[in-house]
Amino acid sequence: MGKKFSNLLLEFARLHRFLMRFFREMVTPPFEFKEFIRQCYEIGWRSFPLISLTGFIVGFVFTKQSRPSLEEFGASSWLPAMISIAIVRALAPLVTALIASGKVGSQIGAELSSMNVTEQIDAMEVSGTNPHKFLIATRILATTTMIPILTFYVAGIGLFGGYLSIISKDQLSMLSFFTQVFDKIGFVDVFAMVIRSVVFGFTIGFISTYVGYYSSKGTEGVGKAANSAVVASMFAVFIEELLIVQVLSLFS
Amino acid sequence: MSNKNVYIDYDDCVIHVNDVSKSFGNLHVLRNVDLKLYNGENLVVLGRSGTGKSVLIKLISGLLMPDSGDINVLGQVVNHLDEKALRLLRLKIGFSFQNSALYDSMTVRENLEFPLVRNKRNLTRMEIDREVEEVLEGVGLLQTINQMPSELSGGQRKRIGIARTLILRPDIMLYDEPTAGLDPITCLDINGLINDVQERYKTSSIIITHDLACAKMVGDRMVMLLDGKFERQGTFDEIFATDDVRVKPFYDYNFIV
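So the sequences go chain by chain: E and L. Following our numbering, the numbering of the first sequence begins with 1 at its first residue and continues without gaps. Following our numbering, the numbering of the second sequence begins with 1 at its first residue and continues without gaps.
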């Protein structure tokens, strides 16, 4: 019991050191700008097809499922306003973060742990390259930058899915749909979406790089790291969502 | 020992491992070891698997830190250096990894450019290309310049790994099991390359191995790591002129069985 507790404390100490190292590397030159752009491409652009499909389906299905409840009260005309709030406030950041946890988290976890197993990280270190700057800082910054951008995109495509779901039954022009949507969304909603997605992006990048960098040796370690990166990132995203909702409800 | 055209300066010690110990949990890998590498020398470290040979060169390159004792490399104590000074010192140390450790997402050219562009930022594109081609030509693999590491054989990967360390013109080379997993003909090639590097680049090297043919061919001096200590040292013949049951099987397996 005592040993488990001391191991837990040691793990927290290592997490803290890793976090502080990231902030230090982020602000001290030389900056690995080229690698950062490459990671943005890998994380952002390569996630586009999956994110597009998921965002569209979430918007379409959510609208379809919500319609009967509103129709019961004769309030189906409120559908655009309702789905806009649901998508912007909650669904877009959460869905993007969960998809990114699966796709990007596993990719980063597996890549770094296999580099660790094959001594590529050691090779980098002995040849005068700082792996914390080149491998860690660039990936965390890329997820923190790209996940908010992907979230805006998911919100847009989700709303478009919702619009298609509405016009499959009702007559509604796109202009009047988006007028109702933007009437209902306020600055606070968009701000909350950005905050959420930045926090989620940072969390996914941080957890995946940490798990990959400190993975155990051997091929088993690679599988474990990929798996842990996904599970731990998703778990952290849900916990953060819960906390952010509580904090935001204080201001609304 | 081979007939090499090298000058070893026994008054100039480039690495001095002084009373160093290293443990992992309850496993005591190195116990108060002392070791000196002289300028221009190829020093072979022999020993069974798991006796701490690789740990030794990781300590020298600062990838691991000793529990006690000091490691002096080119006049600097590795375990007392700050991060920046250690990074600068590492530029003078080439490390050839057992599995080559090539970056598998990069081509051979990119693998060689990687340390160069990060440490010599003022080089022009033309100078970088010239450096890369020159070093690749030195290891006889210029034709692989645009290939991916996965397309290379084990021996070619080893050579490219050595070329990547040579591109920074190190003073010291550390080879971790350079012939492990290779066929005898390729082993001879690699051994020849190690001697060639010593002569051409005037490097001082530590070669970790349990391949006695390799040790005999490249080593100017040898030490044997037994139970966490360097108990035997000298020339190849001096090392194996013993009936010690911990030493004799090495020779018997390689040259008699």
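Think of the hints as simulated: they come from the structure by calculation, not from any bench. In this text, a Cβ means the ideal position worked out from N, Cα and C, and glycines have one as well. Treat the hints loosely; a few may be bogus.
Claimed, not checked - Cβ-Cβ distance ranges computed for the label pairs, FRET-style:
no., chain 1, residue 1, chain 2, residue 2, range
1, E, L243, L, E134, 15 to 23 angstroms
2, E, F238, L, K229, 33 to 41 angstroms
3, L, L88, E, I195, 53 to 61 angstroms
Claimed, not checked - Result set (PhoX-like, lysine-lysine): computed pairs, CA atoms no more than 20 angstroms apart in a straight line:
no., chain 1, residue 1, chain 2, residue 2
4, E, K217, L, K58
5, E, K169, E, K64
6, L, K36, L, K58
7, L, K58, L, K4
8, L, K4, L, K202
9, E, K34, L, K4
To be verified - Computed from the model, here is a short list of chain L residues facing chain E with C-beta under 10 angstroms:
no., residue
10, K36
11, Y38
12, N39
13, G40
14, S49
15, G50
16, K58
17, G62
18, D104
19, N122
20, T124
21, R164
22, L174
23, Y251
Results for each hint:
no., hint, verdict
1, E:L243 with L:E134: 15 to 23 angstroms, "57 angstroms, violated"
2, E:F238 with L:K229: 33 to 41 angstroms, "54 angstroms, violated"
3, L:L88 with E:I195: 53 to 61 angstroms, "41 angstroms, violated"
4, E:K217 with L:K58, "16 angstroms, holds"
5, E:K169 with E:K64, "10 angstroms, holds"
6, L:K36 with L:K58, "16 angstroms, holds"
7, L:K58 with L:K4, "28 angstroms, violated"
8, L:K4 with L:K202, "12 angstroms, holds"
9, E:K34 with L:K4, "45 angstroms, violated"
10, K36, "21 angstroms, violated"
11, Y38, "22 angstroms, violated"
12, N39, "21 angstroms, violated"
13, G40, "22 angstroms, violated"
14, S49, "15 angstroms, violated"
15, G50, "14 angstroms, violated"
16, K58, "8 angstroms, holds"
17, G62, "8 angstroms, holds"
18, D104, "7 angstroms, holds"
19, N122, "13 angstroms, violated"
20, T124, "17 angstroms, violated"
21, R164, "7 angstroms, holds"
22, L174, "9 angstroms, holds"
23, Y251, "30 angstroms, violated"
Going down the numbered hints, you'll see the structure goes against 1, 2, 3, 7, 9, 10, 11, 12, 13, 14, 15, 19, 20, 23, while the others check out.
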